[in-house]
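K.L.:
Each chain, written out:
There are 2 protein chains.
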Amino acid sequence: MVTVVFEPSGKKIKVDKGLLVLEAANDAGESLDAPCGGKGTCGKCKIYLKEGVLGDITTSERKKLSEEELAAGARLSCKAIIKGDCIIDIPEESRLGKQKILIEGAEAPVIVNPLIKVFSAVLPSPSLEDSKCDWYRLEDALADNSGHETITMDISTLRQLPILIRDNKYDVSVTMYKNHVVAINDSSVKNTYGAAVDIGTTTMVAYVMDLSNGEIVGVGSMMNPQIPYGDDLMARISYSFKPENLQKLSNLVVEGVNKIISEGCEKAGIPIESIAEVTIVGNTAMHHIFLGIYPKYLSLAPYCPVVKQPIDFMAKDIGISINPLGNCHMLPVVAGFVGSDHVGVILSCDIHKSPEMTLAIDIGTNGEIVLGNEDEMICCSAAAGPALEGSSIKFGMRAANGAIERVKIKRGSLKVSYETIGNIKPIGICGSGIIDVVAEMLKAAVIDVTGRIREELEDENDRIREGDQGYEFVLEWARNTGIKRDIVITSDDLREVQLAKSAIYAGTSILMEIKGITAKNIDRVLIAGAFGSYIDITNAMTIGLLPEIPMNKVKSVGNAAGSGARVSLISKDKREEEKDILKNLNYIELATHDSFQDQFVSAMNFPHSDLSLFKNVMKNVYTPLPPK
Amino acid sequence: MVTVVFEPSGKKIKVDKGLLVLEAANDAGESLDAPCGGKGTCGKCKIYLKEGVLGDITTSERKKLSEEELAAGARLSCKAIIKGDCIIDIPEESRLGKQKILIEGAEAPVIVNPLIKVFSAVLPSPSLEDSKCDWYRLEDALADNSGHETITMDISTLRQLPILIRDNKYDVSVTMYKNHVVAINDSSVKNTYGAAVDIGTTTMVAYVMDLSNGEIVGVGSMMNPQIPYGDDLMARISYSFKPENLQKLSNLVVEGVNKIISEGCEKAGIPIESIAEVTIVGNTAMHHIFLGIYPKYLSLAPYCPVVKQPIDFMAKDIGISINPLGNCHMLPVVAGFVGSDHVGVILSCDIHKSPEMTLAIDIGTNGEIVLGNEDEMICCSAAAGPALEGSSIKFGMRAANGAIERVKIKRGSLKVSYETIGNIKPIGICGSGIIDVVAEMLKAAVIDVTGRIREELEDENDRIREGDQGYEFVLEWARNTGIKRDIVITSDDLREVQLAKSAIYAGTSILMEIKGITAKNIDRVLIAGAFGSYIDITNAMTIGLLPEIPMNKVKSVGNAAGSGARVSLISKDKREEEKDILKNLNYIELATHDSFQDQFVSAMNFPHSDLSLFKNVMKNVYTPLPPK
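For the protein sequence lines, the chains are L and U, in the order given. Using the numbering used here, the first residue of the first sequence is number 1, and each one after it goes up by one. Using the numbering used here, the first residue of the second sequence is number 629, and each one after it goes up by one.
Errors might be hidden in some of the hints.
Taking lysine to any residue and the SDA-like style, the derived pairs with C-alpha atoms no more than 20 Å apart in a straight line are [said to hold, decoys possible]: (1) Lys572/L <-> Asp33/L; (2) Lys944/U <-> Thr152/L; (3) Lys1247/U <-> Asn1108/U; (4) Lys1200/U <-> Lys1036/U; (5) Lys17/L <-> Asp89/L; (6) Lys1036/U <-> Tyr931/U; (7) Lys44/L <-> Glu93/L; (8) Lys316/L <-> Pro952/U; (9) Lys760/U <-> Pro550/L; (10) Lys619/L <-> Glu577/L; (11) Lys924/U <-> Lys619/L; (12) Lys1207/U <-> Lys44/L; (13) Lys1053/U <-> Glu1141/U; (14) Lys316/L <-> Val1116/U; (15) Lys806/U <-> Lys17/L; (16) Lys242/L <-> Asp945/U; (17) Lys316/L <-> Gly947/U; (18) Lys1181/U <-> Ser1199/U; (19) Lys870/U <-> Leu928/U; (20) Lys63/L <-> Asn168/L; (21) Lys760/U <-> Ile588/L; (22) Lys316/L <-> Leu928/U; (23) Lys583/L <-> Lys667/U; (24) Lys981/U <-> Ile779/U; (25) Lys760/U <-> Val416/L; (26) Lys316/L <-> Asp945/U; (27) Lys132/L <-> Val1077/U; (28) Lys132/L <-> Ile1216/U; (29) Lys818/U <-> Thr831/U; (30) Lys870/U <-> Ser156/L; (31) Lys316/L <-> Ile783/U; (32) Lys760/U <-> Asp89/L.
Just so you know, these hints were derived from the structure itself, not from any lab.
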């Protein structure tokens, strides 16, 4: 008996001489990666001898390890025989089930175990005694490593199969999606890549990921190239009523996706053909238009999607220019206005698996809201309109350079201080700025609970004045702006904000009503979307956009939709969970819900007609002014 | 209680008034076809009221039956209510499981039950209460009729789905391959078509079939357009070593297949897009080249095919111009020189399901031979060379106009009588003529057992003479031929025939040897291939091409390969059996078999060195002349 110590764990074991290092490691509870089943063909169970002696270096080891590695003491644990006491170092990359964690906002940790994997396959050469066909030869060689009894392949792979296996001397590396052969390469190829894509109405992002460890190796992004054909979804859907226009919008977004994946690949220094899978999230209209599916009926009651469930296509069939045989996975959509971006939020934040009662809101033109936990979830889409994104507001704009994004108004003097994106002269106001300015106008008593600008202050302060469309509040004077005009908040603007916030609040209320709970029962609130990262949560509660919930329960989760695409890409368990989400998520059509109208009207006031719902705001923030 | 009589069976039943005709028919043991489950939407359970009264004609019946049909007493049995005694006629097309029989040669009867089927689907209109997606809406509507819980579809179908179901007012006809949607049409489409294709080295045939009844509705055929690139397989495989040449040959045969399917469709008066499935047989080289699979290694030991098992492709993926989403099914191949044409023979003749010990031979450049029954089958490919097809014979030719196909030689005078194809002056001799002439030369004692032309007869008869390449026998004088030259059989020709027939006989012997049986144990011999239909079986035994077996056990089965493609097209059971055949069929590599050389040499003599194997020939046909 001799003693073997494994580093860095320090695990020690007594074994008989003659045992393989791999066997000793297993006995010691060290899990080594040996996908070839100990044949010495995959080279993945590499260890380093630190002290002591092992058996002679075998031919397989000379083949799989470089001169430098051998000089540094590297061996294959499945071939190296223990000859006496020794200390063996197990490098991180040789460990089985290496757990990589992806955390951003409230995202849950995910074990990297993608559907796309690379397997080594060493095929016996054909002979008169063994003249099975090339397909079966490859299938048999893969069965041990991949766990798939049978394989499938595309005609283009089949056409090249006899050449590929012979040119590579029957030693190949096979990239597989489930049991489908996506690529056959020489045995040096050990790795493959994927891309997770978020197609937003406004922006699109692609995360290029190394599928061996789940790391993001490159990111590409751009504005959605469909914007010239309509700022909002309804405009783009209407434009697509004509099939040739749908074709145009579809081509634009497909080309856009190709461009951002390509940009990510360039940053990662890999060819785009090495991408073997893409996962995609987007709202339902983007999902349909991307696939070229006629989207007209998304815009007409009862707003049926054409397809809800997760679907997969070969890249070449939908024009995606990664490996043409690679898989494109579309996460599921829930309803005409609750898309796979929202499923991505649920998936990445584990709402469907958590015991915590979670409220997640993605604020945009449509506010998608989900409420629930592992038992059941309900969701709805609140037609908030574009006010909270800066549209339909007189000086509203996107969150771009020159946008006012933070605002303070001094009570009494009504002096305004603000910050702009890029620290330049203001040219407009974006979503987070709009929420701030309304909250500040409430706190400074510029407006009352009904959102009326108190014209009675006109004589006291020149920021309050009558404009073309009724009373308005001057945020900044022309001389200090980048547009040489006064930037103001109008009465109409306030009305738009009221409509938006009451739609979202009413949606949230109805979900709580259906669940039979109140804000007190909510364990966590997740604000998703790029916009969600920038808004001031207290101000959002001050104006009554969000229900009153302790701040420590509220989190911005950033682009959780994109995270959903990423976890789906790197984890087959998460991929499977998409179906569970679809099963346990009930969609509520707000417009036809009995109490929607009442809830909506009640939520029009700032923060709400029922002030008992906003006790904390009243106690700590401001006392709402009653209507005149 | 009233009495209902069903015609033409005459079955009588007493039932309560108010019962549906469909229910009464079921009770009487009459099986009516009602794929829509009695909803009145498919119109397939039509019956005719001959006497008596039924309930009022319903709206569904007015929709599904024409004015003429209604006037003739037609009703839907699922809607018509029995009101009193009546006599009802069930037309043949309304019967369930209508058994159509396809018999040609030794083919077994097949029940028509194709993989491609048309189902009627009536979808509930979407509403706010029922806003499921279009896909699930179709899936649910199909589940009842089709028995498939879930469906799949191509992106191109999905793109059109919302338009198709709405334009057709939620009442559609769906063509499906297994659970895959191949076409969505208006509800008047009740039928679909398929094509069975046999790609021979020399000729190609397409049978267009009505999949509702398994009838052939049109046939197209042409010479294989690859012929200019090589008469035989080896030449075409060699030509394909260069990938661009493979591409060329592949395109030629794909275009050829499209042309003959199109020809069949024209004869049937249907558009080629209404073809929803194609089944294809061919030898292994034709199979590979058709699919564009690199065929080089078929020609090099150990002659591995790239793929053996049955495989399916979407028509558009391999360039077949039927419904682009239609399925192309390739029957399996067995070895480099035993192709799916041979599997087609086994499949259509039920060799794999019969208790009878069957020997089936497809004579061509390679003679594919199978021996076995339901328990197990063994097969081999005998390299016969092209002599028996008329090639490599001085005046040999294909079975075309002017070919001598039947020959008699008068013993003593050696007067030759013959028949030519097309009854014109002879211009050469085809395979069946070659077998005849050798048998007749043996019977007339022109040649001895070694195949030597008895030059000692030279002085007695001017038909025997010394030519450029040794002695020869004059079949016809120049003045009577279409080529103005004497048509002769040379010593070299006889040698070629010896090589061919001994290869096939040796193959047959080795299969029997492996099975441990003799010719006596063989229950039936099937001669397949167009050539097989024309040869004189007695003469084939006389020269020792076939083992001596009672004539009543021998059958020509014509193009049984093509029949294999047809039964695979119309029967999913037969399709399934292809895999059983592959499992129970062992391939023997003749060239490396221990006793091949001995068997081959022994079979060189006419009919064989061991004359005890040909007792009947010697007793009834002729006494072989010993060598000089």
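K.L.:
Out of the numbered hints, which ones does the structure contradict?
P.N.:
Going through the list in order, the structure violates hints 3, 4, 6, 9, 10, 11, 12, 13, 14, 15, 16, 18, 22, 23, 24, 25, 27, 29, 32 and respects the others.
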